[in-house]
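Trainee: Read off the chains here:
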Amino acid sequence: MATDYNFPDSAARAAAAAPEAPAEFQTEKMSLAMGPSHPSTHGVLRLQLELDGETVTSADPVLGYLHRGDEKIAENMTYNQFVPYTDRLDYLAPLANNMAYAIAVERLAKLEVPARCQAIRVLTAEMARISAHLMGLGAFGLDVGAWTVLLYSLEEREKLYKLFEELTGARFTTSYTRIGGVTRDVPEGWLGRVGAFCDQFLPILEEILKLLTRNKIFMDRTVGVGVISRADALAYGLTGPNLRGSGVALDLRKDKPYSGYEQYEFDVPVGTTGDCYDRYLVRGEEMRQSVRIIRQVLARFPDGPWYAPDARRIFAPPKDKILTSMEELIQNFMLVTEGPQIPPGEVYFEAENPKGVLGFFIVSRGGGVPYRLKIRSPSFCNLSILPKACQGILISDVVALLGSMDFVMGECDR
Amino acid sequence: MSADLVSTLQARFPRLAPRPSGDHPAVNAPLEDVVPLLRCLRDEHGFDLLTDLTAIDWSPGASPRYTVVYHLLSTSRAGAYVRVAAPCAGTEEAPVAPSVTSLWAGADWHERECFDLMGVRFEGHPDLRRILMWDGYPYHPLRKDFPLAGIETELPAEDVAAETGTRVVAAPMAGGPFVASPGEINLTEAEPRAKDESWSDRAPQPGHTPLRLVKE
Numbered sequence: 413m414a415t416d417y418n419f420p421d422s423a424a425r426a427a428a429a430a431p432e433a434p435a436e437f438q439t440e441k442m443s444l445a446m447g448p449s450h451p452s453t454h455g456v457l458r459l460q461l462e463l464d465g466e467t468v469t470s471a472d473p474v475l476g477y478l479h480r481g482d483e484k485i486a487e488n489m490t491y492n493q494f495v496p497y498t499d500r501l502d503y504l505a506p507l508a509n510n511m512a513y514a515i516a517v518e519r520l521a522k523l524e525v526p527a528r529c530q531a532i533r534v535l536t537a538e539m540a541r542i543s544a545h546l547m548g549l550g551a552f553g554l555d556v557g558a559w560t561v562l563l564y565s566l567e568e569r570e571k572l573y574k575l576f577e578e579l580t581g582a583r584f585t586t587s588y589t590r591i592g593g594v595t596r597d598v599p600e601g602w603l604g605r606v607g608a609f610c611d612q613f614l615p616i617l618e619e620i621l622k623l624l625t626r627n628k629i630f631m632d633r634t635v636g637v638g639v640i641s642r643a644d645a646l647a648y649g650l651t652g653p654n655l656r657g658s659g660v661a662l663d664l665r666k667d668k669p670y671s672g673y674e675q676y677e678f679d680v681p682v683g684t685t686g687d688c689y690d691r692y693l694v695r696g697e698e699m700r701q702s703v704r705i706i707r708q709v710l711a712r713f714p715d716g717p718w719y720a721p722d723a724r725r726i727f728a729p730p731k732d733k734i735l736t737s738m739e740e741l742i743q744n745f746m747l748v749t750e751g752p753q754i755p756p757g758e759v760y761f762e763a764e765n766p767k768g769v770l771g772f773f774i775v776s777r778g779g780g781v782p783y784r785l786k787i788r789s790p791s792f793c794n795l796s797i798l799p800k801a802c803q804g805i806l807i808s809d810v811v812a813l814l815g816s817m818d819f820v821m822g823e824c825d826r
Numbered sequence: 007m008s009a010d011l012v013s014t015l016q017a018r019f020p021r022l023a024p025r026p027s028g029d030h031p032a033v034n035a036p037l038e039d040v041v042p043l044l045r046c047l048r049d050e051h052g053f054d055l056l057t058d059l060t061a062i063d064w065s066p067g068a069s070p071r072y073t074v075v076y077h078l079l080s081t082s083r084a085g086a087y088v089r090v091a092a093p094c095a096g097t098e099e100a101p102v103a104p105s106v107t108s109l110w111a112g113a114d115w116h117e118r119e120c121f122d123l124m125g126v127r128f129e130g131h132p133d134l135r136r137i138l139m140w141d142g143y144p145y146h147p148l149r150k151d152f153p154l155a156g157i158e159t160e161l162p163a164e165d166v167a168a169e170t171g172t173r174v175v176a177a178p179m180a181g182g183p184f185v186a187s188p189g190e191i192n193l194t195e196a197e198p199r200a201k202d203e204s205w206s207d208r209a210p211q212p213g214h215t216p217l218r219l220v221k222e
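Here the protein sequences come in this chain order: A and B. Per my numbering, the very first residue in the first sequence carries number 413; after that it's consecutive. Per my numbering, the very first residue in the second sequence carries number 7; after that it's consecutive.
Hints may be right or wrong, so weigh each one.
[Said to hold, decoys possible] Listed below are the simulated SDA-like cross-link pairs for lysine to any residue, each with C-alpha atoms no more than 25 Å apart in a straight line:
1. A/Lys668 - B/Ser69
2. A/Lys731 - A/Arg704
3. A/Lys731 - A/Gln493
4. A/Lys484 - B/Asp10
5. A/Lys484 - B/Ser69
6. A/Lys484 - B/Asp141
7. A/Lys800 - B/Ser13
8. A/Lys484 - B/Trp140
9. B/Lys150 - A/Lys574
10. A/Lys484 - A/Gly757
11. B/Lys150 - A/Arg777
12. A/Lys574 - A/Leu735
13. A/Lys628 - A/Ala643
14. A/Lys668 - B/Asp10
15. A/Lys800 - A/Tyr783
16. A/Lys484 - B/Val102
17. A/Lys731 - A/Thr585
18. A/Lys484 - B/Ser65
19. B/Lys150 - A/Ile742
20. A/Lys522 - B/Pro31
21. A/Lys622 - A/Asp679
22. B/Lys150 - A/Lys622
23. A/Lys522 - B/Ala91
24. B/Lys150 - A/Pro755
25. A/Lys484 - B/Gly85
26. A/Lys668 - B/Ser27
27. A/Lys800 - B/Thr159
28. A/Lys666 - B/Thr159
29. A/Lys484 - B/Ala155
30. A/Lys484 - A/Gly455
31. A/Lys800 - A/Ala643
32. A/Lys484 - B/Thr159
33. A/Lys668 - B/Trp140
34. A/Lys800 - B/Arg136
35. B/Lys150 - A/Gly757
[Said to hold, decoys possible] Listed below are several chain B residues computed to face chain A (Cβ distance under 8 Å; list not exhaustive):
36. Leu56
37. Tyr87
38. Leu138
Because the hints were derived from the structure by calculation, they are not lab data. Predicted model, so just to flag it, every value in this text is computed and none were measured. For glycine and all other residues, C-beta sits at the position ideal for the given N, C-alpha and C.
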């Protein structure tokens, strides 16, 4: 028996179908501050909503609660010192941010990193993507009432964090890359453990997705809700899964490959309608593709150095050399006191991060400190569509919309 | 391709100059050409995504002092970028640039951010107000003459301050925990536990008499 489902839900349809209410029943609009401390605003976003009953008539996002002035800070420290600050942009995927920043500066310095370093970076960035999407999916499920997903996804994320800790020494704020390399090579047996993680993760991922994909409640909350058209997505500069959910197949790993992404085979999932459900499907599929990339990296993991050995004025020499050899000691001293010597110029580099395209625009006048460093944060651009996307939807759908946008305020406010 | 694009654009907009660039095609444009140039890039060259909009402060006294920089990305032509830079008009205190919100709705927030942090007024912007700092904040922190440590400012809650008569001062920079200006106070003293003497035997709490052993 075919059932005809109409969206949005019955309350909205009834409201739309109601004839003009008599004067004594007419109501006033209500102003509601949603956030900055609200579970569905994922951090410290505040939406200043104007409501007509349960329908949002206007939404004004208020940002800046987490503004730390990262760009100002960057202008006042050496290139190397800024690496830990990139952790704190999208703090759910610090490894991917580290990589984007390192590549931007390397482009400016015209520095090539060896194949092993590239492979390590791709591997860690894809692991970061899985961990970020797991958190995103779990929180999205939680927002629309599916508790269980978070329990499963956090358990998987924890396994990834164990691997991160083994590699970088930190679970969360990894600061793993250096300009011209990474801090250390992969530990013994670590690659095998990453492979083992992939093997056990795929069936669990299917299980997690099964909890949502054909779930009637989840579909009712997301299908046809928060639709962002292709034209709107482009006009507002959306990127990442949010743009792909609206049907634009922009993935910089494919379109403008960096760090050797051109060697790996993977598919770019795109949505058709641009609703919350499409964005969910895109993220789910991206995790499968990330596992595919990780397996390819593991299958042909290159040998050789994991830092650019010829970058004497940029990359710090190995610690044992610093302690035993005069030349390296001086080199390290110069790097610490003056910073890596970067030639004058401008560079704009964007990397495909879990939340979207993270860009760094760096202006150098030579020396060890950037003259201007602009961070193009994907969450900031993605959220800029909210005043439009929230218009005329139900307040409960705002929660679903926010969940499906998967933003991080640390990155949005910088 | 990069030289191609720049020369095609130069044929159309004769006042364009190529901008030295190591990565993407880049042009310097006069301010009046920015909107038609970006429209041309969007409609005729497929650069459909305004990915970044920012400004550079070339430090006080420089001419031009501010340059606005646009980065466009093409979703149809596999990862092609273009950079457009234009010197701002106006004074050092109030630089001016045209708004491109008519071309990309997403320029709205970028321009608000640029106004907030750099003080560039975008003419034609529908609602140019601060976005990261609060309304009423008096400075533009990304300018080169703004100190890294910040400037002590009254906090935004004007109505609260007016009602209660309290002066609300921004949370700690000078004198706050872990913050010390040279010659004023040393870090050991600024450390919170050093300020809070309640736990230490150096300064007993008022009203509290230390235990004494009294010999009978």
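Trainee: Against each hint, give a clear statement of whether it holds in the structure.
Mentor: Here is how each hint holds up against the structure:
Taking the CA atoms of A/Lys668 and B/Ser69, the gap is about 35 Å. The hint is violated against a cut of 25 Å. A distance of roughly 35 Å separates the Cα atoms of A/Lys731 and A/Arg704; the hinted pair therefore is violated under the 25 Å criterion. Taking the CA atoms of A/Lys731 and A/Gln493, the gap is near 18 Å; set against the 25 Å cutoff, the hint holds. Using a Cα cut-off of 25 Å, the hinted pair A/Lys484 and B/Asp10 is violated, with the two alpha carbons roughly 36 Å apart.
Distance hint between A/Lys484 and B/Ser69 is fulfilled; the C-alpha atoms sit about 22 Å from each other, no more than 25 Å. Only pairs whose Cα atoms come within 25 Å are accepted, and A/Lys484 paired with B/Asp141 is accepted, the gap being roughly 20 Å. A hinted pair counts as satisfied when its Cα atoms are at most 25 Å apart, and A/Lys800 with B/Ser13 does not qualify at roughly 38 Å. For the suggested pair A/Lys484 and B/Trp140, the alpha carbons sit about 17 Å apart, so the restraint of at most 25 Å is met.
For the hint pairing B/Lys150 with A/Lys574, the CA-to-CA distance comes to about 42 Å; that exceeds 25 Å, so the pair is violated. The straight-line distance between the Cα atoms of A/Lys484 and A/Gly757 is roughly 19 Å, inside the 25 Å bound, and the hint therefore holds. For the given pair, B/Lys150 sits about 14 Å from A/Arg777 by alpha-carbon distance, which is consistent with the 25 Å threshold. Our distance criterion of 25 Å between C-alpha atoms is broken by A/Lys574 and A/Leu735, whose separation comes to about 31 Å.
In summary, the hint linking A/Lys628 to A/Ala643 is not supported, as the alpha carbons are separated by about 29 Å, beyond the 25 Å threshold. Pair hint A/Lys668 plus B/Asp10 holds up; C-alpha atoms about 19 Å apart against a cutoff of 25 Å. As the CA atoms of A/Lys800 and A/Tyr783 are separated by approximately 36 Å, the hinted pair breaks the 25 Å bound. Annotation: proposed proximity of A/Lys484 to B/Val102 holds, straight-line Cα distance about 22 Å (limit 25 Å).
At roughly 22 Å between alpha-carbon atoms, A/Lys731 and A/Thr585 fall within 25 Å of each other, so this suggested pair holds. Using a Cα cut-off of 25 Å, the hinted pair A/Lys484 and B/Ser65 holds, with the two alpha carbons roughly 14 Å apart. Distance hint between B/Lys150 and A/Ile742 is unfulfilled; the C-alpha atoms sit about 32 Å from each other, more than 25 Å. Under the criterion of a C-alpha separation no larger than 25 Å, the hint pairing A/Lys522 with B/Pro31 is consistent with the structure, at around 17 Å.
Between A/Lys622 and A/Asp679, the direct Cα distance comes to roughly 21 Å. Compliance with the 25 Å bound is thereby established for this hinted pair. Taken as a hint, the B/Lys150 and A/Lys622 pair is broken in the structure, with Cα atoms around 53 Å apart against an allowance of 25 Å. Taking the CA atoms of A/Lys522 and B/Ala91, the gap is about 22 Å. The hint holds against a cut of 25 Å. For the hint pairing B/Lys150 with A/Pro755, the CA-to-CA distance comes to about 21 Å; that is within 25 Å, so the pair holds.
Restraint check for A/Lys484 and B/Gly85: not satisfied, since their Cα atoms lie roughly 29 Å apart, outside the 25 Å limit. Restraint check: the Cα-Cα separation between A/Lys668 and B/Ser27 comes to about 18 Å, which is no more than 25 Å; the hinted pair holds. Distance hint between A/Lys800 and B/Thr159 is unfulfilled; the C-alpha atoms sit about 34 Å from each other, more than 25 Å. Taking the CA atoms of A/Lys666 and B/Thr159, the gap is near 47 Å; set against the 25 Å cutoff, the hint is violated.
A C-alpha spacing of about 10 Å is found between A/Lys484 and B/Ala155, which places the hinted pair at or below 25 Å, so the restraint holds. A distance of roughly 23 Å separates the Cα atoms of A/Lys484 and A/Gly455; the hinted pair therefore holds under the 25 Å criterion. Between A/Lys800 and A/Ala643 the CA atoms are separated by roughly 13 Å; this keeps the pair inside 25 Å, and the hint holds. Between A/Lys484 and B/Thr159, the direct Cα distance comes to roughly 18 Å. Compliance with the 25 Å bound is thereby established for this hinted pair.
Taken as a hint, the A/Lys668 and B/Trp140 pair is broken in the structure, with Cα atoms around 37 Å apart against an allowance of 25 Å. Only pairs whose Cα atoms come within 25 Å are accepted, and A/Lys800 paired with B/Arg136 is accepted, the gap being roughly 19 Å. A threshold of 25 Å between alpha carbons decides the hint, and for B/Lys150 with A/Gly757 the separation of about 19 Å falls inside it, so the pair holds. Satisfaction of the interface hint for B/Leu56 is found here, the shortest Cβ-Cβ separation to chain A being roughly 6 Å, below the 8 Å cut-off.
For B/Tyr87, the suggested interface contact is upheld, since its CB lies about 7 Å from the closest CB of chain A, less than 8 Å. At its closest, the beta carbon of B/Leu138 sits 4 Å from a beta carbon of chain A; the interface hint therefore holds under the 8 Å criterion.
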